[in-house]
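Undergrad: Each chain, written out:
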Amino acid sequence: MELDKKPSKAKTIISGLIPFVFVMIMMAYIFGPGSDLLDLGVPLPEITIEMIDFVGSEVHATVRNTGPIPVEVVMADINDRIQPAAVEPDRFLERYETALVRIPFEWNEAEPYTIGITIEDGTRFEKEIEAAAPRLQLSLELIGFFAIIGTYVGIIPVMIGLMWLPFIRRLSKNKYHFFMALTVGLLLFLGIDSIEEALDASAENLAASFNGALLVATVTILSFLGLYYSGEKLIQRVKDSPYAKPVAIALMISIGIGLHNFGEGLAIGAAIGLGQVALSTFLIVGFALHNTTEGLAIASPLAKEKKSVIRKLVAMGMIAGAPAIFGAWLGGFMYSPFSAVIFLSIGAGAIFQVIIIIMKWLREENENSLSSASIVSGIAVGMLVMYLTSIFV
Amino acid sequence: MIFSLIAATAISSIFFVFPEVITAQSEEKFFVTHSGGVVKTTGEIIDPLYVEATMEFDPMEYLRDFDYGLTSTLPDGTTLREYTIVAEDDKIMEVSPGVFYNAWTFNGSVPGPTIRATEGDTVRVNFINNGSKQHTMHFHGIHPAEMDGVFEIVGGGGGQFTYEFIAGPAGVHPYHCHVMPLEEHIVHGLYGVFIVDPKEGREPADEMVMVLNGLDTDFDTENNFYAANTIPFYYQHHPIQIKTNELIRIYVVNMVEFDPINNFHLHGNLYKYYPTGTDLVPSFYTDMITLSQTERGIMEFEYQYPGKYLFHAHKVEFSEKGWVGIFLVSDDNSDSLQETSPTTGDTNEYGT
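Protein sequences, first through last, are from chains A and B. Sequence positions in the first sequence follow my numbering and run 1 to 393. Sequence positions in the second sequence follow my numbering and run 1 to 352.
To be clear, the hints were calculated from the coordinates, so they are not data collected in a lab. Ideal placement from N, C-alpha and C gives every residue a C-beta, glycine not left out. Treat each hint with caution, since some may be false.
[Unchecked claim] With a cut-off of at most 27 Å between alpha-carbon atoms, the simulated DSS-like pairs for lysine-lysine come out as follows:
{"no.": "1", "chain 1": "B", "residue 1": "K29", "chain 2": "B", "residue 2": "K40"}
{"no.": "2", "chain 1": "A", "residue 1": "K127", "chain 2": "B", "residue 2": "K315"}
{"no.": "3", "chain 1": "B", "residue 1": "K272", "chain 2": "B", "residue 2": "K199"}
{"no.": "4", "chain 1": "B", "residue 1": "K272", "chain 2": "B", "residue 2": "K308"}
{"no.": "5", "chain 1": "A", "residue 1": "K233", "chain 2": "A", "residue 2": "K360"}
{"no.": "6", "chain 1": "A", "residue 1": "K127", "chain 2": "B", "residue 2": "K40"}
[What the hints assert, rightly or not] Quick list of the computed label-pair ranges, beta carbon to beta carbon:
{"no.": "7", "chain 1": "B", "residue 1": "T42", "chain 2": "A", "residue 2": "I18", "range": "44 to 52 Å"}
{"no.": "8", "chain 1": "A", "residue 1": "P43", "chain 2": "B", "residue 2": "E28", "range": "30 to 38 Å"}
{"no.": "9", "chain 1": "B", "residue 1": "K40", "chain 2": "A", "residue 2": "F92", "range": "33 to 41 Å"}
{"no.": "10", "chain 1": "A", "residue 1": "S139", "chain 2": "B", "residue 2": "E28", "range": "37 to 45 Å"}
{"no.": "11", "chain 1": "A", "residue 1": "E97", "chain 2": "B", "residue 2": "D331", "range": "51 to 59 Å"}
{"no.": "12", "chain 1": "B", "residue 1": "V150", "chain 2": "A", "residue 2": "D80", "range": "29 to 37 Å"}
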C-alpha cells in the first residue's frame with residue numbers, strides 16, 4: 001500500500017489522540033459529579049495480611065487494602081483473642097496502601113499462630129502462620145550463613161554438573177543431540193516449576209486484586225521477550241566465529257538458570273526466615289541434587305567448543321549458581337511475596353527463552369527436524385530426571 | 001520499548017515490594033502493654049481494652065437503670081404499669097473503638113430497657129415497630145397465648161401491638177423479638193430484661209443488671225465480641241464501684257447466641273445463686289455458674305475486703321473478647337445498711 005502524500009505529523013498525532021479524548025469523556029461521564037449511573041451493588045472492603053514477622057516480643061503484620069474502597073484498621077487479634085496494638089503510619093488505608101500493625105505479644109517459638117485484623121465494619125481478616133520464628137536480623141554471621149547455603153545449593157551442584165563436559169565431548173553426534181535434548185527437558189521442567197512456584201506464592205500471599213496468575217503470565221512473557229531480543233542480538237554479534245555460538249547458548253542457559261536459582265534462593269531464604277527450618281535443610285539437600293542437572297545443561301552446548309573452556313565454564317557456573325546466594329539474602333532478610341512472584345516469573349521467562357534457542361539450534365543441526373529418536377528421548381528423559389530428583393525437594 | 005516497559009514495571013513494583021521503606025517518620029507515642037511492656041510507635045494505637053468508644057449507649061447507666069413504667073391503680077386495686085417500647089433496625093452503633101455495627105434496638109439501646117414490676121401487677125406494653133422489618137416482643141414468663149409475641153407479627157413502619165398480662169412468676173426473665181429468622185433478630189440486639197419482684201420484696205441491695213451478650217460483626221455465625229451489657233471491656237476500663245459489706249444483687253441473663261454456653265466467674269468471693277430468681281432460697285454458693293441460652297438468675301454477694309476484683313467468663317475466649325469487668329470495692333462502713341458479717345444470720349438456709 002502506498003500513501004499518496006506524506007501525512008502531516010500533527011494530523012497523525014491528533015488522529016491518535018481522538019480515541020483517548022473520548023475515553024476521558026466517558027470516564028468523566030461515569031465518575032463525574034451527579035452521576036450515579038454505576039451506583040449499583042455494595043462494594044465490599046477487603047484487606048490482605050501480606051506478611052507476619054515475629055520481632056522481639058511483638059508480632060508485626062503488614063496489611064494492605066486490596067479492596068475497592070478505603071478501610072480503617074481498628075483491631076488486632078492473635079488466635080482470635082483481642083490484643084491492643086499500634087498501627088503505623090496510621091489506621092486509614094486508601095486502596096493498595098499498606099500499614100504495619102505491631103501487636104505486643106509474648107509469642108512462643110515454633111508454635112502456630114493465627115493473626116486477625118478487624119476493620120471498621122466489623123469484618124475480620126486472618127492469616128495463619130505454621131510456626132513462629134524470630135525475624136532474621138541482618139548480621140555478618142547470618143550473611144555468611146546464607147552465602148554458604150547459596151553456595152551449596154547453587155554454585156557447587158552446578159560446578160559438579162559441569163564436570164560432565166569431558167564425557168559429553170567424547171560422544172557421537174547422535175548421543176550429543178540426546179544430551180542437548182535432555183537439557184531441553186531439564187529446562188522445560190524448571191520453567192514449569194518456576195511458574196508453579198510463582199503461582200503458589202501469589203495465591204498464598206497476594207490479594208486477588210493483584211490478579212496473581214496474570215501477573216505471573218505478564219512478567220514471564222515480558223522477561224521472555226526481553227531476553228529473546230537481547231539473546232538474538234548476542235548471537236548475531238558472534239555469528240562470524242563458528243565456535244562462538246555454543247558459548248553464547250551456554251551463556252544464555254546460565255543466565256536463565258541463574259535467574260531461576262535466584263528464585264530458589266528466595267524460597268530457601270524465606271523458608272529459613274519464616275522458621276520452617278527443618279523443611280529448609282531438606283529443601284537444601286533437594287535443591288543441591290536437583291541443581292547438579294543444571295550444570296549438565298550448561299556443559300552440553302560447550303562440548304562443541306574445541307578450545308579450552310575451563311575459565312568460561314567456571315564463569316558460567318558462577319552466573320548460574322551465585323544468584324542463589326543473593327536470592328537467599330533477599331529472601332531471608334527482606335522477604336516480600338511480591339518480589340518472590342516477580343523473580344520467579346522472570347526466571348521462567350528466561351528459561352523458556354533458552355529452550356527456544358536450543359530447540360532452534362537442534363533443528364538446524366538435525367536437518368530441520370526435531371523428530372529424531374535422540375531428541376525426543378532426550379527431552380523425555382530430561383523431564384523424568386527432573387521429576388524424580390524433584391521428589392527430594 | 002520492552003526494556004523501558006520492564007524498567008517502569010520494576011520501579012513501580014518497588015513500592016509494592018518495600019512499602020515500609022516509604023513510610024514517613026512522625027512523632028512518637030507510646031503505650032503500656034498488659035504485661036507491662038512499653039511500646040513506642042510513630043503511628044496510632046488501637047486498644048479496645050482501654051480506649052473508650054464514642055458511644056450513645058452508656059453501660060454504666062444501663063447497669064442500675066430500672067424502668068418501673070407509668071404507674072396507676074386499676075379499679076380492682078391492682079397496680080397497672082404501662083410502658084412504651086419502640087423497635088428500630090437502622091441504628092449504626094460504635095460497639096468497640098472504630099467498629100460500627102447495625103444494631104436492632106428496643107428504645108434505642110442494646111439491651112432494651114429493663115422492665116420491672118412486682119408479681120401480680122398488670123403490665124401493659126405499648127409496642128411500636130418503627131423498623132423496616134417485622135418485629136414482636138416475646139416475654140418469658142406466664143401469660144395468655146395471644147400475648148406471647150410469636151404469631152401476632154407487628155409490621156414495620158409504625159405497626160403497633162399492646163401486650164398486657166399479669167407479671168409473674170417472680171424472678172428475672174428475658175424478653176426478645178420472636179420473628180423468624182429468630183437467631184438474626186436476637187443477635188442484632190432485640191432483647192432486654194424483665195424483672196418481676198416478689199410481693200414480699202427482696203432485701204435492700206445495690207442492684208444491677210448484666211446481660212451477657214455477643215456481637216457477630218462479620219455475620220459468620222461466630223461472635224467477634226462478647227460482653228456484659230454489649231460494650232466489650234467496658235467495665236474493665238470503667239470499674240463498677242461498690243462498697244465493702246454492702247449486699248450486691250446482680251440480675252444476670254445470658255443472651256449469647258452461636259456458643260452453647262456462657263458463664264460467670266467472680267474473683268475473691270462467692271455468690272449465692274438463685275436460678276431464674278424464682279425461689280427465695282439460693283441453690284448454690286459458688287463463684288462459677290454456667291448458663292445456656294436465655295438461662296438466667298440472681299447472684300448475691302458482699303465484699304469483705306476493699307480492692308479491685310475481676311469478674312468474667314471463665315470460658316477465657318469470651319473474656320479475651322470483651323466479657324470481662326472489674327468491681328472496685330471501696331472501704332466504706334459509715335452508711336452501710338446491711339449487717340456487716342456475711343457468715344452469720346441466715347446460714348442455715350443454704351442446707352448442707
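Undergrad: Just tell me: holds or violated, for the beta carbon distance of P43 (chain A) and E28 (chain B) against 30 to 38 Å?
TA: 35 Å, holds
Undergrad: Between V150 (chain B) and D80 (chain A), does the beta-carbon spacing fit 29 to 37 Å?
TA: 35 Å, holds
Undergrad: Are the Cα positions of K127 (chain A) and K315 (chain B) separated by 27 Å at most?
TA: With Cα atoms ~24 Å apart, K127 (chain A) and K315 (chain B) stay inside 27 Å; holds.
Undergrad: Indicate whether the distance between the beta carbons of S139 (chain A) and E28 (chain B) respects the range 37 to 45 Å.
TA: Between S139 (chain A) and E28 (chain B), where Cβ atoms are some 26 Å apart, the hint is violated.
Undergrad: Could you say whether the range 44 to 52 Å given as a hint is met by the Cβ separation of T42 (chain B) and I18 (chain A)?
TA: Given a distance of about 49 Å, which is inside 44 to 52 Å, the answer is holds.
Undergrad: Please test the hint of 33 to 41 Å on the beta carbon pair from K40 (chain B) and F92 (chain A).
TA: Once the Cβ atoms are compared, 21 Å apart, the range 33 to 41 Å for F92 (chain A) and K40 (chain B) is violated.
Undergrad: Does K40 (chain B) lie within 27 Å of K127 (chain A) when you go C-alpha to C-alpha?
TA: With a Cα-Cα distance of about 25 Å, the restraint between K127 (chain A) and K40 (chain B) holds, given a limit of 27 Å.
Undergrad: Under the criterion that the straight-line Cα-Cα distance not exceed 27 Å, is the pair K272 (chain B), K199 (chain B) satisfied?
TA: Distance ~21 Å between K272 (chain B) and K199 (chain B) Cα, so the pair holds.
Undergrad: When you take the CB atoms of E97 (chain A) and D331 (chain B), is the distance between them in 51 to 59 Å?
TA: Roughly 53 Å apart at Cβ, these two residues keep to the hinted range, so it holds.
Undergrad: Tell me if the straight-line CA distance from K233 (chain A) to K360 (chain A) falls inside 27 Å.
TA: 15 Å, holds
Undergrad: Tell me if the straight-line CA distance from K272 (chain B) to K308 (chain B) falls inside 27 Å.
TA: 20 Å, holds
Undergrad: Next pair to validate is K29 (chain B) with K40 (chain B); report whether the Cα-Cα distance is within 27 Å.
TA: Distance ~6 Å between K29 (chain B) and K40 (chain B) Cα, so the pair holds.
The structure does not agree with the numbered hints 9 and 10 stated previously, though it agrees with the rest.
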